[in-house]
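J.: What follows is each chain in one-letter form.
Number of protein chains: 2
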Amino acid sequence: MSALQNDLLLRALLREDVPRTPTWIMRQAGRYLPEYRATRARAGNFLTLCKTPELACEVTMQPLARFPLDAAILFSDILTIPDALGLGLYFTEGEGPKFERPLRSAAQIDALPELDIDGQLRYVTDATRLIRQTLNGTVPLIGFSGSPWTLMTYMVEGQGSKDFRHAKTLLGQDPAVAHRLLSKLATGVTHYLNAQIEAGAQAVMIFDTWGGILSPAWYREFSLQYMARIVDGLQKSADGRRVPNVLFTKNGGSHLSEIAATGCDAAGVDWTCDLATARAAVDGRIALQGNLDPSLLHCDPDVLDAAVQRVLASYGHGNGHVFNLGHGITPQVPPEHLGAVVQAVREHSPQYHRA
Amino acid sequence: MSALQNDLLLRALLREDVPRTPTWIMRQAGRYLPEYRATRARAGNFLTLCKTPELACEVTMQPLARFPLDAAILFSDILTIPDALGLGLYFTEGEGPKFERPLRSAAQIDALPELDIDGQLRYVTDATRLIRQTLNGTVPLIGFSGSPWTLMTYMVEGQGSKDFRHAKTLLGQDPAVAHRLLSKLATGVTHYLNAQIEAGAQAVMIFDTWGGILSPAWYREFSLQYMARIVDGLQKSADGRRVPNVLFTKNGGSHLSEIAATGCDAAGVDWTCDLATARAAVDGRIALQGNLDPSLLHCDPDVLDAAVQRVLASYGHGNGHVFNLGHGITPQVPPEHLGAVVQAVREHSPQYHRA
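Heads up: the protein sequence lines correspond to chains Y and P, in order.
Counting in my numbering, the first sequence runs from 1 upward without gaps.
Counting in my numbering, the second sequence runs from 1 upward without gaps.
Calculated from the structure, these hints are not laboratory results.
Watch out, some of these pointers could steer you wrong.
One copy or two, it doesn't matter: identical chains are merged, so the pair holds either way.
As the list claims (entries may be wrong) - For lysine-lysine, the following DSSO-like pairs were computed, each having C-alpha atoms within a straight-line distance of at most 30 Å: (1) Lys236 with Lys162; (2) Lys236 with Lys98; (3) Lys250 with Lys98; (4) Lys250 with Lys184; (5) Lys250 with Lys236; (6) Lys236 with Lys184; (7) Lys184 with Lys98; (8) Lys162 with Lys250; (9) Lys162 with Lys98.
With the sequences and hints as input, model every part of the structure.
T.: Given below as C-alpha cells:
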C-alpha cells in the first residue's frame with residue numbers, strides 16, 4: 001500500500017506533536033452534500049448504499065473532494081451488526097432504523113448466532129479495502145462500530161427510543177441476561193473492528209451514542225466495561241503499527257476520567273463539556289476529539305470562525321486534539337459552512353502547536 | 001388558611017432537619033393514572049384541562065388520594081406563558097405541543113406584548129387558589145414555570161426539536177436579540193411565579209428542560225443568568241414566609257456548583273449525575289431533589305425498592321434531600337410501581353435522618 005502522506009490524525013490521536021490540529025467531521029459523508037443525495041438516489045435506499053462497496057466508497061470519498069479534511073471514515077451504519085445477527089434491519093422514511101425481530105426475552109438473546117463477519121459482513125470489509133485503495137495514501141481511513149450498549153438499545157427496543165424502557169428494564173430486572181448479550185456483542189465488535197483493521201482501517205472509533213442516558217453506576221457496569229474489553233482486544237495493523245482507537249460516549253463528559261482509564265487512545269467529547277474541563281479530567285492520559293456544536297453550522301461563516309477559535313482556545317496549547325463536531329453533521333447544513341469550519345481550523349490551529 | 005400539617009418538603013428544601021426524606025414525583029398528576037385519563041377525556045383536550053381550574057384541581061389531587069406524597073404540584077403546562085403571549089399553542093395527538101406563530105425574526109420578538117397575568121393567565125392563579133384551598137393544609141403546594149431559555153426554544157422552534165437549530169442559530173447569529181427575548185421572559189416568569197405565590201404556592205420550581213443541550217459557556221450566558229434573575233425577584237408568601245425555590249436543569253449535573261451560586265434554595269438532579277457527586281459539588285449550599293431514573297419504574301417492586309435504597313444511600317446522611325424522579329413519570333408506568341417507590345422512601349429514609 002502507498003505510504004501515508006497525511007498522518008496528522010494518527011499522530012494527534014497518539015498525542016504526538018503536529019504542526020496544526022487535524023480535522024474530520026462525524027457523518028462527513030452525508031445528506032448535507034447534494035452529491036451524496038444523488039448517489040443515495042441511485043442506490044435506491046440507504047441499506048443498499050451501505051451494502052454495495054463501490055457506492056460506499058464513492059460517498060466516503062465525496063467530502064474529501066470538497067474539503068481539505070485529514071481523514072476519511074468508512075461509510076456504513078452502526079446497525080450492521082444487529083442486522084447480521086438476524087434481527088432484520090429496515091428503514092422507514094422519516095422514522096429512523098427499525099428491526100423486524102427485536103430481542104424481548106432471555107431465550108431470544110441466548111439464541112443469537114455468532115457474528116459471521118466473513119459472510120454476513122463481508123460487504124463492510126470489502127468496502128474498507130476498496131476505500132483504502134482509493135484513498136491511495138492521501139489521508140488515513142477510520143473504521144468504526146457501535147458500542148455494545150448502544151447496539152443493545154436498538155436490538156431490545158427494536159428502534160430508536162425516548163426513554164429506552166425495554167432496555168433499561170432488562171438491566172434492572174435481568175442484569176445477568178443483559179450481561180450475556182453485552183458480552184456477546186463485545187466479542188463481536190472486537191472481531192468486527194479487527195476485521196476492519198485487517199482490511200485497512202488505520203484508526204477505529206466506537207460510537208456509544210446512548211451511554212450518556214445511563215446513571216453513572218450503570219454506565220460503568222453496562223457500557224464502559226464492555227468498551228474496555230474491546231480496547232483490550234484490538235490488534236495492530238498488518239504492517240505492525242498501533243491502530244489508534246477513540247471511544248465516544250455522547251453526553252459522557254462526566255465520565256472522561258474513567259474512559260481514559262480503559263487504556264483507549266482518545267475520547268470523543270460533545271459540546272456540552274468544555275474541552276478545558278475535559279482535558280483536565282483526562283490529565284494527559286489520552287487525546288480528545290471534538291467538540292463544536294453541530295447546530296452552530298447554520299450560522300454564518302464569520303460566526304463559525306469565532307466558534308472554531310473558541311474550541312481551539314478551550315483545548316489550548318499542545319498535542320492531543322483532533323477537531324470535530326460534538327455529534328454528526330445534520331442534513332440541512334449548507335456545505336460551504338462546513339468548508340468555513342475546516343478552513344478556520346487550518347488557519348487558527350498552528351499557533352497552538354508552536355514550541 | 002389552615003396551618004400546614006406536613007411541612008417536610010419545605011423544611012427539606014431549606015435544609016432543615018426532618019425525620020424522613022419527603023417525596024413528590026414530577027408529573028405525578030399524569031397519564032399513568034386511569035383517573036387522570038378519565039378527567040382528561042371529560043375535559044375533551046389537554047388545554048381545556050389546564051385552563052379549567054376545577055379540572056386542574058381535580059387532577060392535582062388524584063395522586064395524593066392514592067399515595068402518601070409530601071407535596072402537590074399545580075397541574076399546568078410550561079407553555080402557558082408563550083400561549084398567553086399570543087403564539088397560539090396547540091397540541092396534536094402523538095406529536096407534542098406546537099405553536100401557530102413561532103418567533104423567527106427580531107421584529108416578531110420585539111413586538112411581543114407584556115405578559116398579562118391577571119387576564120390571560122388568570123386560570124393559573126385561580127387554579128392555584130382552588131388547589132391550595134382544597135388541600136386544606138395537608139401538604140404544601142408547588143407552583144412552577146419553564147425557564148426563559150426553555151420557553152424560548154419552543155417559541156423559536158415552534159415545537160419540540162432534536163437539534164434546536166433555529167434557537168441556537170439565533171444565539172450565535174443575533175445574541176442581542178436573544179438576550180432581549182430572554183430578558184422579557186425572565187421578567188414575565190418572575191411575575192408569573194410571584195402571582196402563583198400570592199395565590200398560595202408554598203414552593204416554586206423552574207423547569208429548565210433544555211439548558212443541558214447548550215455548551216457550558218452558552219448555558220451560563222443564555223440560561224442560568226436568567227434563572228438567577230428570577231430567583232432574585234421572587235417574593236415571600238402573604239404570611240411572610242420564605243417560599244423555597246428549586247432550579248432544575250435536565251442534563252445539568254456538571255453545572256450544579258454554578259446553580260448553587262445563584263442563591264436558589266435547591267436544585268433538581270437527573271439520574272445521569274450521582275447524588276453523592278452532586279452533593280459534593282454544591283457543598284451544603286443548597287438542597288437537592290431527585291434522582292431515580294423514571295424508566296426504572298417499569299421494573300418490579302423489589303427491584304424498585306433496591307433502586308430507591310441506592311438513591312438514598314447516594315445522598316447519604318443529613319438534611320437537604322427531597323426524593324423525586326430524575327424526570328417526569330411516563331404514561332405506561334403501572335401506578336402500583338410508583339406506590340412501591342413512595343413506600344420504599346418512607347421505609348428506608350429515616351435511618352439517614354437520625355442524629
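J.: Compare the structure with the hints numbered earlier in the document and write down the numbers of the violated ones, lowest to highest.
T.: Violated: hints 1 and 2.
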